[in-house]
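As given, the protein sequences belong to chains A and B, one line each in that order.
Counting in this note's numbering, the first sequence runs without a single skipped number right up to 207 at its last residue.
Counting in this note's numbering, the second sequence runs without a single skipped number right up to 207 at its last residue.
Simulated from the structure, these hints should not be mistaken for lab results.
Treat the hints with care, as some may be off.
Identical chains share a label here; the pair holds if one copy fits it or two copies do between them.
[What the hints assert, rightly or not] Think about it this way: if two alpha-carbon atoms lie no more than 25 angstroms apart in a straight line, the pair counts; the simulated SDA-like pairs of lysine to any residue are:
| no. | residue 1 | residue 2 |
| --- | --- | --- |
| 1 | 72 | 185 |
| 2 | 72 | 183 |
| 3 | 72 | 186 |
| 4 | 62 | 146 |
| 5 | 72 | 143 |
| 6 | 57 | 38 |
| 7 | 62 | 187 |
| 8 | 62 | 140 |
| 9 | 62 | 166 |
| 10 | 62 | 72 |
Given next are the chains, with one letter for each unit.
2 protein chains.
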Amino acid sequence: METMTTASVDVVADQDRKGPGRPRSARADEAIIEAVMDLLSGGQSADAISIEAVAAKAGVGKATIYRRWPNKEALLIDAVTAMKGPSPELAGESVRGDLVTLIAGMRTKRMDHYGKVTACLLPQLAKGEEMHRVYQGVIEPRREVMRGVLRRGIASGELRADLDIELTLLMLSGPTLAQNILRWNPNVADEQFAERLVDAVLRGAHA
Amino acid sequence: METMTTASVDVVADQDRKGPGRPRSARADEAIIEAVMDLLSGGQSADAISIEAVAAKAGVGKATIYRRWPNKEALLIDAVTAMKGPSPELAGESVRGDLVTLIAGMRTKRMDHYGKVTACLLPQLAKGEEMHRVYQGVIEPRREVMRGVLRRGIASGELRADLDIELTLLMLSGPTLAQNILRWNPNVADEQFAERLVDAVLRGAHA
Chain A
1 METMTTASVD
11 VVADQDRKGP
21 GRPRSARADE
31 AIIEAVMDLL
41 SGGQSADAIS
51 IEAVAAKAGV
61 GKATIYRRWP
71 NKEALLIDAV
81 TAMKGPSPEL
91 AGESVRGDLV
101 TLIAGMRTKR
111 MDHYGKVTAC
121 LLPQLAKGEE
131 MHRVYQGVIE
141 PRREVMRGVL
151 RRGIASGELR
161 ADLDIELTLL
171 MLSGPTLAQN
181 ILRWNPNVAD
191 EQFAERLVDA
201 VLRGAHA
Chain B
1 METMTTASVD
11 VVADQDRKGP
21 GRPRSARADE
31 AIIEAVMDLL
41 SGGQSADAIS
51 IEAVAAKAGV
61 GKATIYRRWP
71 NKEALLIDAV
81 TAMKGPSPEL
91 AGESVRGDLV
101 TLIAGMRTKR
111 MDHYGKVTAC
121 LLPQLAKGEE
131 MHRVYQGVIE
141 PRREVMRGVL
151 RRGIASGELR
161 ADLDIELTLL
171 MLSGPTLAQN
181 ILRWNPNVAD
191 EQFAERLVDA
201 VLRGAHA
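Based on the provided sequences and hints, a complete structural model is requested.
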């Protein structure tokens with residue numbers, strides 16, 4: 001859980017860092033985020049998770065949670081974001097290179113665990129608006145990074161001027177998600193997946 | 001449920017059609033398939049569904065179920081296949097036309113319901129080998145139809161000779177699934193989705 005808690009410190013502010021070691025509120029935040037992730041990865045549905053249960057598991061009072069997060073939706077967004085870890089650094093040398101970095105970053109070992117948690121969220125996503133907002137709250141910042149790469153590619157002339165940016169985001173992430181979460185096509189090799197997908201999206205299938 | 005039960009009749013044999021009206025065993029098969037779909041769409045996890053519960057809901061004995069399906073996995077494959085309905089007819093005039101037909105067929109109104117059921121299956125898919133086999137049992141026949149379209153396209157010279165067929169299947173279905181089940185990118189319009197996706201996969205993003 002080390003990388004996850006580190007990520008959660010990035011997510012939440014560290015405004016009361018006064019002396020050596022970690023400030024008490026950052027430790028509480030980590031415990032809260034970790035409690036949510038444990039509940040989710042233990043198979044609890046997002047609907048079923050209560051602030052009470054998170055508080056009990058984290059060993060804090062409910063007020064400590066509400067001081068930082070206005071509601072469960074916001075807490076879930078931060079917990080899943082922390083689980084994903086920071087977005088990878090982009091070299092900015094080519095559209096292809098940056099897209100490969102972003103897609104490969106969706107397929108790290110960490111994602112094995114994350115994939116299971118996402119799967120637990122899916123029934124809620126399909127049903128409810130609240131969970132859909134949580135999901136969008138987690139992925140939109142990542143999507144915006146990829147959108148920026150595509151926009152720069154159009155500006156530099158690497159990509160077609162009439163490119164449908166939103167559809168292209170879906171064409172890069174949809175296949176990656178389907179493989180990460182569902183193992184949709186067992187005949188697609190894991191090796192060099194990001195490179196092969198990005199090249200196929202750039203090149204097209206036409207003769 | 002009419003189209004679903006019709007589809008289930010296609011799936012199961014109708015060997016004892018002796019007189020007018022539907023034979024008794026076909027009616028029982030329909031009731032069994034419908035019971036599974038009701039349990040799934042009611043939010044029951046595939047793991048939690050028992051042959052006993054299906055038998056009780058369908059008003060048949062367990063022996064009637066086991067006479068047709070060797071195990072729960074086989075029953076779930078037929079139930080979800082029936083829910084998806086028959087694969088659409090292909091005109092066979094162009095790769096683009098056939099791919100659009102297949103992708104559009106994944107996005108009918110029926111799929112709204114199917115999407116919810118798939119979502120209920122997902123936690124199991126991410127966890128267990130059995131449910132992954134069920135899922136593959138449902139989608140592989142569809143994937144084989146699309147694979148045939150791509151192979152014919154390579155043979156006719158419409159598609160690149162070095163096309164990665166398995167990856168292309170994922171590039172067509174992954175974005176469609178992500179939108180159907182997760183509404184992954186709300187900025188991608190539903191209108192002409194199949195046409196736009198197929199054209200983008202064929203054309204590529206490069207300038």
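Against the structure, the hints:
1. 72 to 185: Between copies only: 23 angstroms across, 35 angstroms inside.
2. 72 to 183: Only across copies: residue 72 and residue 183 sit 21 angstroms apart there, 30 angstroms inside one copy, limit 25 angstroms.
3. 72 to 186: For residue 72 and residue 186, the Cα distance is within 25 angstroms only across copies (22 angstroms; inside one copy 36 angstroms).
4. 62 to 146: neither (37 angstroms within a copy, 53 angstroms between copies)
5. 72 to 143: Within one copy, since 23 angstroms is at most 25 angstroms while 39 angstroms is not.
6. 57 to 38: within (9 angstroms within a copy, 36 angstroms between copies)
7. 62 to 187: Close neither inside one copy (48 angstroms) nor across copies (36 angstroms); limit 25 angstroms.
8. 62 to 140: neither (28 angstroms within a copy, 48 angstroms between copies)
9. 62 to 166: Neither way: residue 62 and residue 166 sit 40 angstroms apart in one copy and 50 angstroms across, limit 25 angstroms.
10. 62 to 72: The answer is within: 11 angstroms in one copy meets 25 angstroms, while 44 angstroms across copies does not.
Checked against the numbered hints above, the structure breaks hints 4, 7, 8, 9 and satisfies the rest.
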